[in-house]
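Asks: First residue of the sequence shown: 1, per full-length UniProt numbering; consecutive thereafter.
It is worth saying that the hints were derived from the structure and are not from the lab.
Accuracy of the hints is not assured; some may be wrong.
List of simulated lysine to aspartate or glutamate pairs, EDC-like, C-alpha gap at most 16 Å [to be verified]:
1) K222 / D129
2) K109 / E155
3) K285 / E269
4) K124 / D108
5) K390 / E217
6) K235 / D397
7) K246 / D232
8) K109 / E156
9) K268 / D108
10) K402 / E415
11) K268 / E290
12) K401 / E415
13) K390 / E212
14) K107 / E156
15) K216 / D294
16) K249 / E212
17) K229 / D397
18) K264 / E290
19) K246 / E226
20) K264 / E289
21) K402 / E364
22) K287 / E269
23) K107 / E269
24) K235 / E415
25) K109 / E269
26) K264 / D294
27) K249 / E225
28) K249 / D129
29) K398 / D232
30) K268 / E289
31) K401 / E366
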Amino acid sequence: MTANQMENTRIQLGMEGIVTVARVGLGGGLALFWRSGWGLRLLSYSMGHIHVLITESNDSQFYLTGFYGHPDTQQRNHSWELLRRLSHTVQGAWVVVGDFNEILFSKDKRRGRERPQRQMNNFKMALEDCRLSSTRFTGYPFTWARRYPDGSVVEERLDRCVANGVFFGRYSHLTTSHLLAVGSDHYPILVEACADDLEASAKRSTRFHFEEMWTKEPDFNKVIEEAWKVTDGVKSVSNSLSLCAKELKTWNHIHFSNVRNQLKHAYKELTALQGRLTTDQHVLKAKVEETISDLLEKQEIMWRQRSRVWQTEEQRIGDLFCDYFKTLFSSTGGQQMERILNEVRPVITSAMNDRLLQAFTREELEHTLFQMFPTKAPGHDGMPALFFQKYWHIVGDKVAKKCLQILNGEGSVREFNHTLIALIPKVKMPTTVSMFRPISLCTAKI
Numbered sequence: 001m002t003a004n005q006m007e008n009t010r011i012q013l014g015m016e017g018i019v020t021v022a023r024v025g026l027g028g029g030l031a032l033f034w035r036s037g038w039g040l041r042l043l044s045y046s047m048g049h050i051h052v053l054i055t056e057s058n059d060s061q062f063y064l065t066g067f068y069g070h071p072d073t074q075q076r077n078h079s080w081e082l083l084r085r086l087s088h089t090v091q092g093a094w095v096v097v098g099d100f101n102e103i104l105f106s107k108d109k110r111r112g113r114e115r116p117q118r119q120m121n122n123f124k125m126a127l128e129d130c131r132l133s134s135t136r137f138t139g140y141p142f143t144w145a146r147r148y149p150d151g152s153v154v155e156e157r158l159d160r161c162v163a164n165g166v167f168f169g170r171y172s173h174l175t176t177s178h179l180l181a182v183g184s185d186h187y188p189i190l191v192e193a194c195a196d197d198l199e200a201s202a203k204r205s206t207r208f209h210f211e212e213m214w215t216k217e218p219d220f221n222k223v224i225e226e227a228w229k230v231t232d233g234v235k236s237v238s239n240s241l242s243l244c245a246k247e248l249k250t251w252n253h254i255h256f257s258n259v260r261n262q263l264k265h266a267y268k269e270l271t272a273l274q275g276r277l278t279t280d281q282h283v284l285k286a287k288v289e290e291t292i293s294d295l296l297e298k299q300e301i302m303w304r305q306r307s308r309v310w311q312t313e314e315q316r317i318g319d320l321f322c323d324y325f326k327t328l329f330s331s332t333g334g335q336q337m338e339r340i341l342n343e344v345r346p347v348i349t350s351a352m353n354d355r356l357l358q359a360f361t362r363e364e365l366e367h368t369l370f371q372m373f374p375t376k377a378p379g380h381d382g383m384p385a386l387f388f389q390k391y392w393h394i395v396g397d398k399v400a401k402k403c404l405q406i407l408n409g410e411g412s413v414r415e416f417n418h419t420l421i422a423l424i425p426k427v428k429m430p431t432t433v434s435m436f437r438p439i440s441l442c443t444a445k446i
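Let the sequences and hints guide you as you build the complete structure.
Replies: Laid out in structure tokens, this is it:
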């Protein structure tokens with residue numbers, strides 16, 4: 001379409017604005033339309049992309065990239081490098097939609113020559129480097145089709161929507177629908193992103209939890225190193241742990257958010273191999289079985305770590321508990337406390353007191369840390385003792401320095417002065433608030 005045709009289309013659709021990239025030759029060309037009520041700032045564009053920053057009516061912002069992967073397989077790595085460069089300009093929520101001209105998995109293609117694994121791996125690596133992962137989709141599994149003279153049809157899933165962890169976190173209802181098409185070899189895709197009410201979302205938000213199953217990954221030590229590097233220059237240990245948690249949350253979304261779906265796909269693949277096993281397929285079957293075994297182990301660890309978690313949903317229940325225990329533990333002030341304390345005789349000798357007042361050392365700190373149970377009762381930062389024990393060689397210097405400052409009276413505990421309250425049922429089937437016992441989980445793990 002020409003620029004004039006694009007403008008006419010904008011008017012017909014009732015759109016407020018348009019950004020276009022002119023076509024070269026007979027094909028190509030990109031266009032981005034938007035309705036009124038959206039603030040849009042064009043950041044960059046090329047034959048393969050349109051990159052914008054969008055401001056919503058509530059002043060929140062996200063990055064949107066319309067993307068077109070190079071049709072020539074020999075040139076496609078340039079597209080992946082473009083995507084990586086764009087990722088360096090992003091600071092916040094980011095979603096990428098378009099025709100990538102590549103598939104992620106062999107199941108994304110039906111009939112025709114088998115896609116080289118190297119090509120798919122290059123695409124996967126690009127998304128991983130940019131911390132992007134695909135949204136779930138509904139509808140027909142393929143988005144492109146080509147019919148050949150002999151009547152055969154090759155179909156592929158070339159069009160998709162990918163987003164980073166921040167975007168997934170903001171828009172809890174994020175889906176992609178594959179629609180029907182007439183007169184085109186590509187099916188249109190519809191991306192719907194719906195954010196919950198911010199107040200309601202905050203009430204239902206889940207805390208970050210460091211997952212034990214992550215530690216089974218061969219390169220996870222490097223992941224921790226990269227996540228901790230983000231905290232360079234950040235003096236606050238609690239802020240450092242929060243930044244590290246955000247990095248791990250994004251990494252987790254890419255690698256572990258769909259363990260159940262991965263298992264389902266692996267079982268289907270194993271079923272397809274049954275009954276028609278050649279020598280090569282026996283090797284493939286063994287690999288699939290190994291994959292299933294690894295996924296089952298991760299799933300088992302995940303559920304074991306959650307087996308002690310007791311949760312409620314409704315805010316009104318939480319308010320009821322808060323009111324009950326606030327009343328229960330409110331004090332009206334003690335009477336004759338000084339008289340009682342005067343009757344208490346000291347049992348600590350001067351020598352014992354001198355020893356108790358000695359400065360804490362890093363050796364004592366580490367001895368205590370490594371005696372703790374690895375996965376019980378993480379603090380408000382979601383980091384259990386396991387995180388510190390296993391990756392002490394990475395995070396230890398900064399954490400130990402802060403802990404010793406506090407223990408030796410040289411620093412404030414203010415940034416760690418947070419408490420989680422766990423309610424333990426005293427009976428098998430509790431029906432009233434009085435049937436629960438509160439336990440305060442103070443951030444004093446180390």
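Asks: Does each hint fit the structure? Answer for all of them.
Replies: Hints, one by one, checked against the model:
1. K222 / D129: holds (14 Å)
2. K109 / E155: Holds: K109 and E155 sit about 6 Å apart, inside 16 Å.
3. K285 / E269: holds (9 Å)
4. K124 / D108: holds (13 Å)
5. K390 / E217: This hinted pair holds, its Cα atoms lying about 13 Å apart.
6. K235 / D397: With Cα atoms ~12 Å apart, K235 and D397 stay inside 16 Å; holds.
7. K246 / D232: Holds. K246 to D232 sits at ~15 Å (cutoff 16 Å).
8. K109 / E156: Roughly 4 Å separates the two Cα atoms, so the pair holds.
9. K268 / D108: holds (14 Å)
10. K402 / E415: holds (11 Å)
11. K268 / E290: holds (14 Å)
12. K401 / E415: OK: K401 and E415 at ~14 Å, within 16 Å.
13. K390 / E212: OK: K390 and E212 at ~10 Å, within 16 Å.
14. K107 / E156: holds (9 Å)
15. K216 / D294: Roughly 9 Å separates the two Cα atoms, so the pair holds.
16. K249 / E212: Holds, at about 13 Å.
17. K229 / D397: Satisfied, since the Cα-Cα distance of roughly 13 Å is no more than 16 Å.
18. K264 / E290: holds (14 Å)
19. K246 / E226: At roughly 12 Å apart (the allowed maximum being 16 Å), E226 and K246 satisfy the hint.
20. K264 / E289: holds (12 Å)
21. K402 / E364: Roughly 14 Å between the alpha carbons, so the hint for K402 and E364 holds.
22. K287 / E269: Within the cut-off at roughly 11 Å; holds.
23. K107 / E269: With Cα atoms ~10 Å apart, K107 and E269 stay inside 16 Å; holds.
24. K235 / E415: holds (12 Å)
25. K109 / E269: Holds, at about 14 Å.
26. K264 / D294: holds (13 Å)
27. K249 / E225: Given that 16 Å is the threshold and the Cα spacing comes to 15 Å, the pair holds.
28. K249 / D129: holds (15 Å)
29. K398 / D232: Holds: K398 and D232 sit about 10 Å apart, inside 16 Å.
30. K268 / E289: holds (11 Å)
31. K401 / E366: Between K401 and E366 the Cα gap is close to 12 Å, so the pair holds against 16 Å.
Checked against the numbered hints given earlier, the structure satisfies every one of them.
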